[in-house]
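Enquirer: Using the sequences provided together with the hints, build the complete structure.
These protein sequences, in sequence, are chains A and B.
Following the numbering used here, the numbering of the first sequence begins with 1 at its first residue and continues without gaps.
Following the numbering used here, the numbering of the second sequence begins with 280 at its first residue and continues without gaps.
Bear in mind the hints are in silico, worked out from the structure with no lab data behind them.
Treat the hints with care, as some may be off.
What the hints assert, rightly or not - The calculated DSS-like cross-link candidates involving lysine-lysine, where the alpha carbons are at most 25 Å apart (straight line), are: (1) A:K20 <-> A:K188; (2) A:K88 <-> B:K505; (3) A:K140 <-> A:K44; (4) B:K645 <-> A:K261; (5) B:K487 <-> B:K398; (6) A:K272 <-> B:K645.
Claimed, not checked - Beyond 12 Å from chain A on every Cβ pair, some chain B residues (computed): (7) R332; (8) I372; (9) P401; (10) I474; (11) P485; (12) K487; (13) E614; (14) L618.
As the list claims (entries may be wrong) - If you want the footprint, here are the derived chain A segments under chain B, 3+ residues with CB under 8 Å: (15) 25-36; (16) 256-267.
In this text the structure is predicted, and so the values were computed from the model without any measurement.
No residue lacks a Cβ here, since even glycine has one placed at the ideal position from N, Cα and C.
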Amino acid sequence: MFPELNNLLNTTPDRAEQGKLTLLCDANTDGSFLVHHFLSFYLKANCKVCFVALIQSFSHYNIVGQKLGVSLTVARECGQLVFLEGLKSSVDVFFRAQAEPHPLQFLRSVSLQPSPEVHAWEANAENLQPLYEFVREALKPVDDGEAAWRCPVLLVDDLSVLLSLGMGAVAVLDFIHYCRATVCWERKGNIVALVHDSGDTEDEENNILLNGLSHQSHLILRAEGLATGFCRDVHGQLRILWRTPSQPTTQRDWSLTYQYKIQDKSVSFFAKGMSPAVL
Amino acid sequence: MAAVATCGTGAGSTGSMVAAGSKNNVTSFQRRGPRASGSDSSYSRLVSIAGTRPSVRNGQLLVSTGLPALDQLLGGGLAVGTVLLIEEDKYNIYSSLLFKYFLAEGIINGHTLLVASAKEDPADILQELPAPLLDDNVKKDFDEDACNHKTAESNIKMKIAWRYQLLPKMEAGPVSSSRFGHYYDVSKKMPQELIEASKWHGFFFPEKSSSTLNIEPCSLTHGYIKLLQFIQNIIYEEGFDGSNPQKKQKNILRIGIQNLGSPLWGDDLCCTENGNSRSLTKFLYVLRGLLRTSLSACMITMPTHLIQNKAIISRVTNLSDTVVGLESFIGSERETNPLYKDYHGLIHIRQIPRLNNLIYDVSDVKDLAFKLKRKLFTIERLHLPPDLSDTVSRSSKQDLAEPSKLLGPGCGVMAGGKKHLDF
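Expert: Right, here's the structure in full:
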């Protein structure tokens, strides 16, 4: 959790909002620091977190989390954190052909070779339903009456990888839609998802996914590389966009732009051009 | 980071491994150092794997890529458990050289090799590896080279481009044989006895592919499935993922895959615009999953200049940890450009991973060029930024004209002197 980012977003772990979809987006830079921020933020806010980590291993997040003040092993042991480690599970799913369902079983999916008339490989008709079932099961409210955790949170790092693994953009959008209905609306929780923006390379599926999610989300945090290139003191620019997707009010979307520098245990934010190295 | 799992040496270790329960504690990314769980016996075991060293930044276990200059640019070396993707140059000359350096480094350090290729038989590839430069030969040869250079150029002090005189090289000359990172002589072959003493596994795709055209499960190209199964087999059988507790000495598995994505692997990614784009990305994902759960490091060379669909390249970059692109000047108009006349090509560090950390070691230098001499593959900065110091006057040049400490006897061309330089 970066205190400066909390100030910019005007939240604290005690007053976390509910029922929101936050979209994290990075273009020409690495936006994973935002994922670490939200992970530690929600763990500190005493929420039950389901983390679908498809890109890095558990110990990576754990070590960074310790720098930010949360311990993922402790959270996992006491049930606050449900962690799906994509890389490790993919090996199990891929090599051991078992019939039992697994959240990532689309990795074993069978797709037929195209007939000679069809030139393009079509996305197979698989969907992410097993993954949705996993999330729903993980964020099920505890039945013993006493609410141990504040609100359920789903964190996905990241969704663009699902496209690389054979899912179509529509399947991923469906998955988020189902999760939103369950987590955000039914259980008043939050969803945070990271999508890479491919920029000028024409990745159509990724653009469909990104546009579709941008339209549905309440808060968009977009980490961009500097337009002028690499700089040692300013690592990038963060654009924060508040939206109200469901209400057709005249209230305009509100956005702020800051530049940031990532340090060992925190990230410092400053207004554009106001980097301490320049002043 | 190598495994903290208590498999291997030690009398009580098997007992404690059983007690530990889950077998999943063999990731490469656990922090070394004093831990609350008190598994301090692993400290000495980690350091004792030949050819590895911990990173100064986050304690990550690193292996050398075979090229000390590249190691320095990547923050000390290649982290165990990660993928290094080399985007090939147009005629696959320098990328195959980097591939050979990687394998040769594995042989020198005693690592196990896994060589996969669809073009050449791995046994042939291993015969062509460059010979290492070891201690006793090194100083003599380098003095020879240095003398040749010095007699010709000792009188040439930089007159106009005086700032280049002070430029530190990317690496020091090989005056001492270090355990981490060696230098190779491209004109000589690796001695036969070293190759035979090493342990290696080869995967030559034309031999392993069967001719039946069945339905491809998992939408992966046939070649990739076979390769993944082969790699997983080796990792499992030889205990690189900690599954075999009888193994005494831990070792690193170096996986080298050549020309991945080319049509020789059965992938039509480079041939058509709408090829099977998921096959390669899925392969990379599962491969990374295998690497993260074992003590191995992988170098892949990929002809990205042949891939028609540019979106795939960005996806592949996101799925790899370290990405380095090579661009050679052969055949392009840059070959005759006087700006590039000393160099053989450009090298682009496209991505460096942030492992166990928010920040990473990134060098400030973005435009790098490489030059291949017989015994040295140097990587140097191509352009200098403008001199923005406050007093660009002649009196300040006395301070600047001191020799840089990194210049060793092997650096030849730019030997610094203490003399003040005049225009």
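Enquirer: Take the hints in turn and mark each one as holding or not.
Expert: Right, here's what the structure says about each hint:
Under the criterion of a C-alpha separation no larger than 25 Å, the hint pairing K20 of chain A with K188 of chain A is consistent with the structure, at around 8 Å. At roughly 20 Å between alpha-carbon atoms, K88 of chain A and K505 of chain B fall within 25 Å of each other, so this suggested pair holds. For a cut-off of 25 Å, the pair hint linking K140 of chain A to K44 of chain A stands: about 20 Å separates their Cα positions. Among the hinted pairs, K645 of chain B with K261 of chain A is consistent with the structure: their alpha-carbon atoms are about 19 Å apart, no more than 25 Å.
Between K487 of chain B and K398 of chain B the alpha-carbon distance is near 13 Å, which keeps this suggested pair within the 25 Å criterion. Using a Cα cut-off of 25 Å, the hinted pair K272 of chain A and K645 of chain B holds, with the two alpha carbons roughly 24 Å apart. R332 of chain B, annotated as away from the interface, keeps every beta carbon of chain A farther than 12 Å; the closest lies near 19 Å. At roughly 27 Å, the least C-beta separation between I372 of chain B and chain A is larger than 12 Å, which holds for a residue marked as non-interface.
Remark: the non-interface label on P401 of chain B is consistent with the geometry, its nearest Cβ contact in chain A lying 23 Å away (cut-off 12 Å). Residue placement check: I474 of chain B keeps its beta carbon more than 12 Å from all beta carbons of chain A (closest about 31 Å). A cut-off of 12 Å between C-beta atoms confirms that P485 of chain B is not in contact with chain A; the least separation is 21 Å. The Cβ of K487 of chain B sits about 17 Å from the closest Cβ of chain A, beyond the 12 Å cut-off, so the non-interface label holds.
Interface exclusion of E614 of chain B from chain A stands, the closest Cβ pair being 27 Å apart, more than 12 Å. Here L618 of chain B stays apart from chain A, with its beta-carbon at least about 20 Å from theirs, past the 12 Å limit. A stretch counts as covered by a chain when three or more of its residues have a beta carbon under 8 Å from one of that chain; for the segment 25-36 of chain A and chain B the count is 4, and the coverage holds. Only residues whose C-beta sits within less than 8 Å of a C-beta in chain B count toward coverage, and the segment 256-267 of chain A has 5 of them, enough to reach three; the restraint holds.
Violation of the numbered hints given earlier is absent; every hint is satisfied by the structure.
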